[in-house]
Structures are given as C-alpha cells and as structure tokens.
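Participant: Given chain A's structure and the hints, the job is docking chain B onto it.
Heads up: the protein sequence lines correspond to chains A and B, in order.
Just so we're aligned, residue 15 is where the first sequence starts under the working numbering, counting upward by one.
Just so we're aligned, residue 545 is where the second sequence starts under the working numbering, counting upward by one.
No wet-lab data here; the hints were simulated from the structure.
Treat the hints loosely; a few may be bogus.
Stated by the list, open to error - Quick list of simulated restraints, FRET-style, between CB atoms:
(1) B:Ala571 to A:Arg134: 50 to 56 Å
(2) B:Gln581 to A:Val122: 35 to 41 Å
(3) A:Arg124 to B:Leu635: 53 to 59 Å
(4) A:Lys127 to B:Cys602: 35 to 41 Å
(5) A:Val123 to B:Cys602: 33 to 39 Å
(6) A:Leu119 to B:Gly549: 42 to 48 Å
(7) B:Arg559 to A:Ala126: 42 to 48 Å
(8) A:Thr103 to B:Leu574: 21 to 27 Å
(9) B:Arg559 to A:Leu119: 25 to 31 Å
(10) A:Thr51 to B:Ala571: 17 to 23 Å
(11) A:Ala79 to B:Arg603: 20 to 26 Å
What the hints assert, rightly or not - Which bits of chain B does chain A cover? Going by a derived footprint, with three or more residues having C-beta under 8 Å, they are:
(12) 566-575
(13) 581-593
Small disclaimer: the values here were computed from a predicted structure and weren't measured.
Backbone N, C-alpha and C fix where the C-beta goes; we use that ideal spot for every residue, glycine too.
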Amino acid sequence: MKPASAKSAPLSSATLQILLALAGGNLHGYGIIKEVTRNSDGHYRLGPGTLYDNLKKLMDAGLVADAATFSSSKRKQLSSKEDDRRFYTLTKDGKNALAAEVDRLQSVVREAKLRLQEARTGKA
Amino acid sequence: MNSMGARLAYRLLLRLHPASFQHEFGADMLWIFDEEQQQGSTVYLFFDGVRSLVRQRCRPQKDPGQLSIASGTIITSPGIGMFRLFQGGLLCLAIFLSLGQILRHPNPFSPSIKWSNRMSCYTITLQAPSHAEVVLNPLP
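Pulled out of the complex, with its shape left as it was, chain A reads as follows:
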C-alpha cells in the first residue's frame, strides 16, 4: 500500500478506526484497541491480529510510524507495563490520508442526504 493510493482509495473500516485513534495522540496497540472501542461506543471491536496486520500495512505505507519519544508528563501517566510497549504515531502522510478519507465520507453523506431529500419530495 502506497501513500498515494491510500489517499485516493477508500480506507477499510479497521484502517480508518486506527488512524482516527492515533489522530488523538501516540498510543500503543492496546491503547488503540481501547480508543477504537470508546470511539465507536463499543460497536466496533478490534482484535490484536487485525490491529497489527493493519498497523504493519500502514507502517509499510508510511502512514504510521514508531513513536520514539514522549513528553515527561505523558511518560508519568504510563504504568510500568505500558512503558515497555511500542507506541505508534500518525505521520504527515497519515494525517493527509485521514483528512482525504474524511472529505470523501463527507461527500458521501452529502450525496446521501440529497438523494434522501429527493426521494422524500418525490413521494410527497
């Protein structure tokens, strides 16, 4: 998966959820899972296999990268278990891909609303 194609092609729901979770800040794998569950009100459950499979693809495409450093305040919030974990961050390409996907979804919603409105006025 290349960044250019990721910008044009619609993202899968798992990919979109991961990018959305990372848009809020750097997270480790379990943090992403919890964030995705929270964002979707528990409707979307991401398993570790799906998560890391997608993360690998996103890292290969340059949309997500390893987060090397944290602020001291962030590090204090982490438990000793979490401290050892690998954290991920959204790259510039990743932010662009997410923005492009949001724009695409907005146009889909706009079109859907228009068609529903037409259907309603057609019935009336």
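Facilitator: Same frame as chain A, but now just chain B:
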C-alpha cells in the same frame, strides 16, 4: 479451557504466524491477550488470531529474508521460514550435483591457440560443446 490453557493455545497460534510478524508484534499481541483475559471473554481473540494467521500466510512476503553463512553457521533473519530454507537446500543440492557432474568428466573444451598472419593476432578456439572464438589484441 482455563486461563493458562487459553494463553498456551494463543501462544501456539502466534507461533504459527510468519516469523517476521511474530518477532515484530508477537509480544504485544500476547500482552493484549493477557489484558483482555482479565477483562473477560477471549473467544473473539482466537477468531481474530486465526483470521490474522490466514491473512499473513496467504499474503506474499515482500521481504524474503536474509541468509548469511559465517563460520559454517547459517544465520537467518526472522523473516526467513522453513520453506525458504528448504528451497535454499534444494538449490545448494542442485549446484553441488552439477559441479560433481562437471568435475567427473574431462574438460569439455579443447582450446587451440593459433597465430593468424592475415589478422596479425592470436586466435583462441574453443571446440565442443559449441564453437567459440576469442580474438586477442595484436601483440606489440
């Protein structure tokens, strides 16, 4: 299945993943399994693990891994699997068999060196299995 058994089964499932994936994410996946196990159900994690295994195994690997031989020991990168080693073994066997065949027979080429007056240069002729001529630069 008790928690230890479930953990062992999940570890086995992870072991079936390609080595590179396992090396990169295995520890974190097991950690997530442990955390989720404390929360409750882990059945979906097994389904997810099997799905991930199928995806990883079906996807062609871009990185074939690195193989280096140092001091008679074969060192493989985490990306190289048993299949690649088997392929490498077959290739080595084919090379050694070919070398053996070549060394068993006398030199198939019979070179002859002649001085050509017309072109004022040496001509090396290799006969059999196919005719080939190498023309050297004229001697000073």
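Participant: If a hint holds in the structure, say so; if it does not, say that too.
Facilitator: Consistency of the hints with the structure:
Against the hinted window of 50 to 56 Å, the Cβ-Cβ separation of Ala571 (chain B) and Arg134 (chain A) comes to about 54 Å, which satisfies the hint. Between Gln581 (chain B) and Val122 (chain A) the beta carbon distance is about 39 Å. The supplied range of 35 to 41 Å therefore holds. In this structure the supplied range 53 to 59 Å holds for Arg124 (chain A) paired with Leu635 (chain B), their Cβ-Cβ distance being about 58 Å. For Lys127 (chain A) and Cys602 (chain B), the hinted distance range of 35 to 41 Å is satisfied, since their beta carbons lie about 39 Å from each other.
Evaluation of the 33 to 39 Å hint for Val123 (chain A) and Cys602 (chain B) yields a pass: the beta carbon distance comes to about 34 Å. At roughly 43 Å, the beta-carbon separation of Leu119 (chain A) and Gly549 (chain B) lies within the given 42 to 48 Å, and the hint holds. Between Arg559 (chain B) and Ala126 (chain A) the C-beta distance comes to about 46 Å, which sits within the given range of 42 to 48 Å. Between Thr103 (chain A) and Leu574 (chain B) the beta carbons are some 23 Å apart, a value that agrees with the proposed interval 21 to 27 Å.
Between Arg559 (chain B) and Leu119 (chain A) the beta carbons are some 39 Å apart, a value that contradicts the proposed interval 25 to 31 Å. Distance hint check for Thr51 (chain A) and Ala571 (chain B): the Cβ-Cβ separation is about 22 Å, which falls inside the suggested range of 17 to 23 Å. Here the CB-CB span from Ala79 (chain A) to Arg603 (chain B) is close to 21 Å, well matched to the stated 20 to 26 Å. For the region 566-575 of chain B, the proposed coverage by chain A is satisfied: 5 residues have a C-beta within less than 8 Å of a C-beta in that chain, meeting the threshold of three.
A count of 5 residues in the region 581-593 of chain B with a Cβ less than 8 Å from any Cβ of chain A is obtained; the coverage claim is therefore met, three being the minimum.
The structure fails hint 9 only (numbered hints given earlier).
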